[in-house]
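There are 2 protein chains.
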Amino acid sequence: MTVRYEKVALIGLGLIASSMAHAMRAGGLATTIAGHAKTADTRATALEIGLCDTVHDTAAEAVRDADLVVLAVPVGAMGEIAAEIAPHLRAGATVTDVGSVKQAVIDAVAPHLPAGVHFIPGHPIAGTEYSGPRSGFATLFQNRWWLLTPLAQADLAAVAKLRAFLEQMGAKVDEMDAPHHDLVLAVTSHTPHLIAYTMVGVADDLRRVTDSEVIKYSAAGFRDFTRIAASDPTMWRDVFLTNKDATLEILGRFTEELFALQRAIRTGDGQHLFDYFTRTRAIRRGIIEAGQDTSAPDFGRGKAEGRA
Amino acid sequence: MTVRYEKVALIGLGLIASSMAHAMRAGGLATTIAGHAKTADTRATALEIGLCDTVHDTAAEAVRDADLVVLAVPVGAMGEIAAEIAPHLRAGATVTDVGSVKQAVIDAVAPHLPAGVHFIPGHPIAGTEYSGPRSGFATLFQNRWWLLTPLAQADLAAVAKLRAFLEQMGAKVDEMDAPHHDLVLAVTSHTPHLIAYTMVGVADDLRRVTDSEVIKYSAAGFRDFTRIAASDPTMWRDVFLTNKDATLEILGRFTEELFALQRAIRTGDGQHLFDYFTRTRAIRRGIIEAGQDTSAPDFGRGKAEGRA
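Residue numbers (the numbering used here), protein chains in the order written: chain X, 473 to 780; chain L, 473 to 780.
It is possible that part of the hints are untrue.
[Claimed, not checked] No more than 30 Å apart at the CA atoms, straight line, and that leaves these computed lysine-lysine pairs for BS3-like:
#1 L:K510 x L:K688
#2 X:K633 x L:K510
#3 L:K510 x L:K716
#4 X:K716 x L:K688
#5 L:K716 x X:K688
[Stated by the list, open to error] Below, a sample of chain X positions facing chain L; criterion: calculated Cβ distance under 10 Å:
#6 L619
#7 I737
#8 G740
[What the hints assert, rightly or not] Label pairs and their in silico Cβ distance ranges:
#9 L:F731 x X:A563: 47 to 53 Å
#10 X:R735 x L:Q743: 45 to 51 Å
#11 L:A498 x X:I521: 41 to 47 Å
#12 X:G499 x L:D649: 47 to 53 Å
#13 L:Q743 x X:D646: 33 to 39 Å
#14 X:T750 x L:P583: 28 to 34 Å
#15 L:R738 x X:G564: 40 to 46 Å
#16 X:A563 x L:G724: 58 to 64 Å
#17 L:P651 x X:E556: 56 to 62 Å
#18 X:D741 x L:H652: 25 to 31 Å
#19 L:D525 x X:D741: 39 to 45 Å
#20 X:E533 x L:G724: 52 to 58 Å
#21 X:G604 x L:D717: 23 to 29 Å
If you are wondering where the hints come from, they were derived from the structure by calculation, not from laboratory data.
Fair warning: this is a prediction, and the values are worked out from it, not measured in the lab.
Backbone N, C-alpha and C fix where the C-beta goes; we use that ideal spot for every residue, glycine too.
Could you build all of it, start to finish, from the sequences and the hints given here?
Structure, rendered in C-alpha cells:
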C-alpha cells in the first residue's frame, strides 16, 4: 500500500526539493505539491518546467493546509523560515528538513513550531555537484541513506509515516540522534569538502604561475576534488558555520595525520608511507561491499566499456 | 599511415602496460609484444590472458631486439631495471618509461643507457584505481594527455616517432622539461592523492568509535577520496619519495590555506568561506571546458539517465 501525503509543501526548490518533486510524481506519493522559492527567477523556472502544482511567493502561503512541509533551504535560513510558516501550519502536519547539519537546525526550528505539529529533522545523503530547480531527477535517492534525527518526544506514528514515504522514493532510512549525525557527517562529508575546496584554491593560486596547465593536465585526484569543490557555496558556508565543533575536531585530526605523512616524505620513510597507503586501500573495499559505490574504474570516465 | 614498432618490450605488466598491450593490438601498432613482470604470478596471468606474444622471466631477455622498450615499473625500481637491460638493448632502440615523476627517473635511468639508445621519458596522465595485468583496457589513453620530457640532446626523429605511436593509442601528447612536469603534477595529482590518503586514514581511526557508520554513510566527498586512496601503495610511495621537494612545497601552501579556512570557521567568517567556495567553483567549469571530465552529475553515480 502506498503511503502518501495529500498536500506536500516544498520550501526551497533546489536539487533536493526538485528531485523529491520528481520522485513523488513518479511514485504517486502526493496529490498536490506546493512550492516556494526565495527568488522570483527560481519560482519562474519551477512554473515553466511544471515542477509543482502551485508556486507561491511566500513560504506562509505554500504551507497552508499542507500535510507535509519540507524545509529545503540552506541550514542558515531554516530558523527564519520556521518563524514565518509557524502560524500557518495546520494541526497534525509533519515538518521535516533536508539540512546537512542536524543539531543547529533543531535549535533554530523547534522553538518556533506550535504544539500539535510534528517536527522530524532529516538529511538525505544524496546529491550531485549541481543545484537549482532544473538539477533534480526522480532517482536521486535510490539506494541512498536518508537519516532522520527525531527528537525524544517525537510522535511514533508520524515518524513511521515519513519513513515509509521516504522509502517509497527509494531511500534507505536510519534514525540516530543529532549530535552523533553531525560527527559522522563531519568525517564522511564536511571535512572532505573543506579539504577539496582548499586544494582547488591552492591550484587556483598556482595557475597564475603555470598558466592553464593545472586545468589542462588535471589528473585523477585533482579532477575529483574540483567536482566536490563545485558544490553550492551558500549551502557549504552554512554547513561549516553550523557544524563548527565537529568539523574543527576532525580537521585537527586530519592535520595531525597529514604532518606525520609529511614528515615521512621529508625523512624518506618509505615503509611508513607504504603501510599507510595499504591500510587506506582496505576502506575502499568496505565501501564497495556496502553498496555505496560501484567498483567500475571511475578514473577511466566511462571508458570501461572498452575494457578488454 | 600507421607508425609502428616491430618489437615492443613491456617491462612491468600493470595497468598502464596491459592497457598499452590492448591498445597496440587494437591499432596494429606492433608486430611482436614481449613482456616481463617481476612476480611469477603476474607472468602466469599475462600468459593465461594472452596479454603478450612472449613472456620472459627476466627484463634482459624481454628487451632483446626490441625497437621500443617501455619501463612500466614503480619509479623506485627504474634504476635497477635500466642497469639490468642496458647491455642487452639493441642500437637505435627507443627506451621510454611511464613513471609519474620525471626528474628522478631521468637521474636513475639515463646514466645506465649506452650511446645510440634513445631515452625519451614519458608519463601518461591516465589510470584507474586498479592495478595488475587484468586491469588494462584498450581505451585507457583515449583523449588523455601523455607528457614527454625529452632530454636536451634527444634525437628528434625518435621523439617524433614515439609521439605518433602514442597518438595512435588515442593520447594527446605534449612536451615539457622534467622539473616543470614534476611541479605541475605535484599540484594536479601528487598532493591531492596524499590528502585523500590522509583523510581516509583519519576516518579509519574514527571507525573504531563509530563502528561501520563511516562506510555506511560514506557520502560524496569521502567516497571520492576512498577511490583515490585505493591506488597502488608501492607506486604512490615511490612518487612521494622521488618528487619530495615539489610535493612538500605544495603541501606547505595547502596547509597555509587550510589554516586560513579553519580560522574562518572558528571565527564564524561566513563571507570568507562563501567567497572562497565561489572562486573554486569556477575552476570546475574550466576543467569541463578543457574536456578533462564530463559535466554529468557524477555524485548521482549513473542515476543521471533518470533525470527529468
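Hint check, failures only = 1, 2, 10, 12, 21
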